[in-house]
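Colleague: Listed below are the residues making up each chain.
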Amino acid sequence: MTNVPQSAILAEEAEPKPGPGSQVTATTRPSWRNLNFGPRMWVALTIIFLIVLMAEVGPFVYPYKSSLKVGSLYDEPSAAHLLGTDNFGHDIIAVLMNSTRNSLLNGLLAGTLAVFIGVLIGILAGYVGGWFEELLMGITNIVVAIPSIVVLILISMSLQHTNVGFLKGIGGLALVIGITSWPWTARAVRAQASSVATREHIDIAKLSGAGTPSILIRDVLPYLASYVVMAWVLQLASAILAESTLSMLGLGPSGTDSLGIELHWALAFQAVSTGAWWAFLPPTIILTLISFSLLYLQSSLDEVFNPRLRRGKKKNLAKAAARRAETARKLAQQNEKVEVLS
Amino acid sequence: MTATSSQNEAVASDGSVPVLSAVNVVKEFKVAGGHITAVDNVSVDFHAGKVLAVVGESGSGKSTLARMLLRLMPVTSGTIKYLGKDVTNIKGSELRAYWRDVQAVFQDPFSSFNQFFTVGQTLRRRMSAKQGDESLDELIERCLSYVGLKSRDAVNKFPHQLSGGQRQRVMIARALMMNPKVLLADEATSMLDASLRVSALNVLQDLRDRLGLTVLFITHDIGQACYLADEVVVMENGLVVERGLTDDVIFNPQNAYTKRLLADVPDLKGSLKSRNN
Numbered sequence: 133m134t135n136v137p138q139s140a141i142l143a144e145e146a147e148p149k150p151g152p153g154s155q156v157t158a159t160t161r162p163s164w165r166n167l168n169f170g171p172r173m174w175v176a177l178t179i180i181f182l183i184v185l186m187a188e189v190g191p192f193v194y195p196y197k198s199s200l201k202v203g204s205l206y207d208e209p210s211a212a213h214l215l216g217t218d219n220f221g222h223d224i225i226a227v228l229m230n231s232t233r234n235s236l237l238n239g240l241l242a243g244t245l246a247v248f249i250g251v252l253i254g255i256l257a258g259y260v261g262g263w264f265e266e267l268l269m270g271i272t273n274i275v276v277a278i279p280s281i282v283v284l285i286l287i288s289m290s291l292q293h294t295n296v297g298f299l300k301g302i303g304g305l306a307l308v309i310g311i312t313s314w315p316w317t318a319r320a321v322r323a324q325a326s327s328v329a330t331r332e333h334i335d336i337a338k339l340s341g342a343g344t345p346s347i348l349i350r351d352v353l354p355y356l357a358s359y360v361v362m363a364w365v366l367q368l369a370s371a372i373l374a375e376s377t378l379s380m381l382g383l384g385p386s387g388t389d390s391l392g393i394e395l396h397w398a399l400a401f402q403a404v405s406t407g408a409w410w411a412f413l414p415p416t417i418i419l420t421l422i423s424f425s426l427l428y429l430q431s432s433l434d435e436v437f438n439p440r441l442r443r444g445k446k447k448n449l450a451k452a453a454a455r456r457a458e459t460a461r462k463l464a465q466q467n468e469k470v471e472v473l474s
Numbered sequence: 090m091t092a093t094s095s096q097n098e099a100v101a102s103d104g105s106v107p108v109l110s111a112v113n114v115v116k117e118f119k120v121a122g123g124h125i126t127a128v129d130n131v132s133v134d135f136h137a138g139k140v141l142a143v144v145g146e147s148g149s150g151k152s153t154l155a156r157m158l159l160r161l162m163p164v165t166s167g168t169i170k171y172l173g174k175d176v177t178n179i180k181g182s183e184l185r186a187y188w189r190d191v192q193a194v195f196q197d198p199f200s201s202f203n204q205f206f207t208v209g210q211t212l213r214r215r216m217s218a219k220q221g222d223e224s225l226d227e228l229i230e231r232c233l234s235y236v237g238l239k240s241r242d243a244v245n246k247f248p249h250q251l252s253g254g255q256r257q258r259v260m261i262a263r264a265l266m267m268n269p270k271v272l273l274a275d276e277a278t279s280m281l282d283a284s285l286r287v288s289a290l291n292v293l294q295d296l297r298d299r300l301g302l303t304v305l306f307i308t309h310d311i312g313q314a315c316y317l318a319d320e321v322v323v324m325e326n327g328l329v330v331e332r333g334l335t336d337d338v339i340f341n342p343q344n345a346y347t348k349r350l351l352a353d354v355p356d357l358k359g360s361l362k363s364r365n366n
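So the protein sequences, as listed, match chains A and B.
Here my numbering is used: position 272 in the first sequence is 404, and no number is missing along the way.
Here my numbering is used: position 39 in the second sequence is 128, and no number is missing along the way.
Heads up, a few of these hints could be off.
To be verified - For lysine-lysine, the following DSSO-like pairs were computed, each having C-alpha atoms within a straight-line distance of at most 27 Å:
#  : chain 1 : residue 1 : chain 2 : residue 2
1  : B       : 119       : B       : 170
2  : B       : 348       : A       : 338
3  : B       : 180       : B       : 170
4  : A       : 338       : B       : 119
5  : A       : 462       : B       : 170
6  : B       : 239       : A       : 338
7  : B       : 239       : B       : 270
8  : B       : 174       : A       : 338
9  : B       : 270       : A       : 338
10 : A       : 462       : B       : 180
Stated by the list, open to error - Pairwise CB distance ranges, derived in the manner of DEER restraints:
#  : chain 1 : residue 1 : chain 2 : residue 2 : range
11 : B       : 326       : A       : 171       : 44 to 50 Å
12 : B       : 300       : A       : 170       : 49 to 55 Å
13 : B       : 294       : A       : 330       : 53 to 59 Å
14 : A       : 465       : B       : 246       : 52 to 58 Å
15 : B       : 117       : A       : 271       : 28 to 34 Å
Hint data in this document are derived by calculation from the structure and do not stem from the laboratory.
The structure displayed is predicted, hence computed values, not measured ones.
Note that CB positions come from ideal geometry on N, CA and C, so glycine has one too.
Work out the full structure: start from the sequences and follow the hints.
Modeller: Written as structure tokens, this is what we have:
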């Protein structure tokens, strides 16, 4: 590498690289292929796909309903019920599918709500600036300072006495989680938005007569998109975990299934001390898989959006070095010939 | 100050009415432990159909002055007048109406673009008023032709698919689409290479001649100012140190700073001579 003359490197840059049509394919293949999804992304996406498939399609295929009593307290796994029954005598697999579905739905609602509020407040504060920014960030800091678990417990307890069906179920909990978990997204988005707001294309948009909403949506938001997507993935994971925590403590919605509620009943009916592992292990594993795959997805997205984090493909680097050495050797040979001739 | 104001009157006395003027404009920036005066009590007049160049080194306050004239930055004190009307504190629809008449082209032809939009989308984004009978596509076609670009070549391209010179010309076309009366070019040619620079300067000159555009040309390069401008204002550390008709300032400079700026212009003949010796 070190002895390669500059001319060899320049020659390589000027000529199309040798190899099976590398240049041609690079320009003709669709642009999304250039995003360089790494193996981590595929692992994460596969796990997420399988879990969603189980939650969404499973209940239609599986013979038992989650509300159907098929046995008694903690029946051991058998050929008919592969993971046995829970404390109510419901089939664990059926309950697990329904719980996963509800937990994912909760995460989706809560995570999206949190990202929506966070992005809205962050982008307004960062773009508008001045006293408005101070005000919004003041509110954000107050929300950060209030211990969210206390608010979560208080609101979710009061929601259990409401008459609105949506709020009583998984939706109410999602709402509570959503409106308590936006502050860090708002802070991060504000920092990014205030940096984008100083860019010249914003001035150009203003001069073109674009109004503030149009500038926010078309000139600021696209520059934050990668950030927002990653924040959303993280919010999904944390919302699912927050729901499970609350439900396990018995603060979740009653009369429905969720991974946390399953754990709650397993604790209440002493599944751990009686050795009924099939009651608490499956929901724990699913929860772990969900949060693992989402965090893994987030880190691989980081790699896609931030090219500096991409691992250089060692194979390609070695090939390029070999090519340069070869060109350098040829050039040196030519020079020798020229010298001999002269 | 008396000398400057008398020079100012001399410039104004050539019969034309100022379109845009800055009167005693001051801009201070707060920094740790005090403040910096970026623009110190500057008064400039722009006359219709003329090119006025503001020349000065980096940090002399010329871009700050331009941003204040554009109303993209508030003034600390002083007044900005457009056609005799005070526009220093206008807001909302009034400000948008002002931006219809006063347009700008900035230094960096890449960061001026929203990289997610094609050229067509960038150009289409304009105020709906003042369109007349012409359709938007025709207007885009006409404005791109002013800067020597073909509409069908450019509109579907993303900024990164254009060269620096093409990008800058698209930016000039964008400003022209608003049918402005004043165009502020803030170091608009600084990031172009030498041949593109001349073509951009010619575009500006041509626009002044054909459309009667008033141009404020901000540059650190006194040579470009000499090439293009009718009048020159020299700024140093936020102060106007010399002003007048281009020929007077360039060929008969009074101020020491102007003389130094002129001495710094690379002299092609001089360098050839020294090599021959």
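Colleague: Are the hints correct? Go through all of them and say.
Modeller: Tested hints:
This hinted pair checks out: residue 119 of chain B and residue 170 of chain B have alpha carbons roughly 25 Å apart, not beyond 27 Å. With a CA separation close to 38 Å, the supplied pair residue 348 of chain B and residue 338 of chain A exceeds the 27 Å bound. Using a Cα cut-off of 27 Å, the hinted pair residue 180 of chain B and residue 170 of chain B holds, with the two alpha carbons roughly 14 Å apart. At most 27 Å may separate the alpha-carbon atoms for a hinted pair to count; residue 338 of chain A and residue 119 of chain B meet this at roughly 25 Å.
The suggested pairing of residue 462 of chain A with residue 170 of chain B is violated, with an alpha-carbon distance near 69 Å, which exceeds 27 Å. Of the supplied pair hints, the one linking residue 239 of chain B and residue 338 of chain A holds, its CA atoms being roughly 26 Å apart against a limit of 27 Å. A distance of roughly 24 Å separates the Cα atoms of residue 239 of chain B and residue 270 of chain B; the hinted pair therefore holds under the 27 Å criterion. About 21 Å separates the Cα atoms of residue 174 of chain B and residue 338 of chain A, which keeps this hinted pair within 27 Å; it holds.
Between residue 270 of chain B and residue 338 of chain A, the direct Cα distance comes to roughly 17 Å. Compliance with the 27 Å bound is thereby established for this hinted pair. Among the hinted pairs, residue 462 of chain A with residue 180 of chain B is inconsistent with the structure: their alpha-carbon atoms are about 68 Å apart, more than 27 Å. For the pair residue 326 of chain B and residue 171 of chain A, the beta carbons lie near 57 Å from each other, so the given range of 44 to 50 Å is not met. At roughly 53 Å, the beta-carbon separation of residue 300 of chain B and residue 170 of chain A lies within the given 49 to 55 Å, and the hint holds.
Hint check: residue 294 of chain B to residue 330 of chain A, Cβ distance near 32 Å, so the stated range 53 to 59 Å is violated. The hinted range of 52 to 58 Å is not satisfied by residue 465 of chain A and residue 246 of chain B, whose Cβ atoms lie roughly 44 Å apart. A beta carbon spacing of about 31 Å between residue 117 of chain B and residue 271 of chain A agrees with the range 28 to 34 Å that was offered as a hint.
Checked against the numbered hints listed earlier, the structure breaks hints 2, 5, 10, 11, 13 and 14; every other hint is satisfied.
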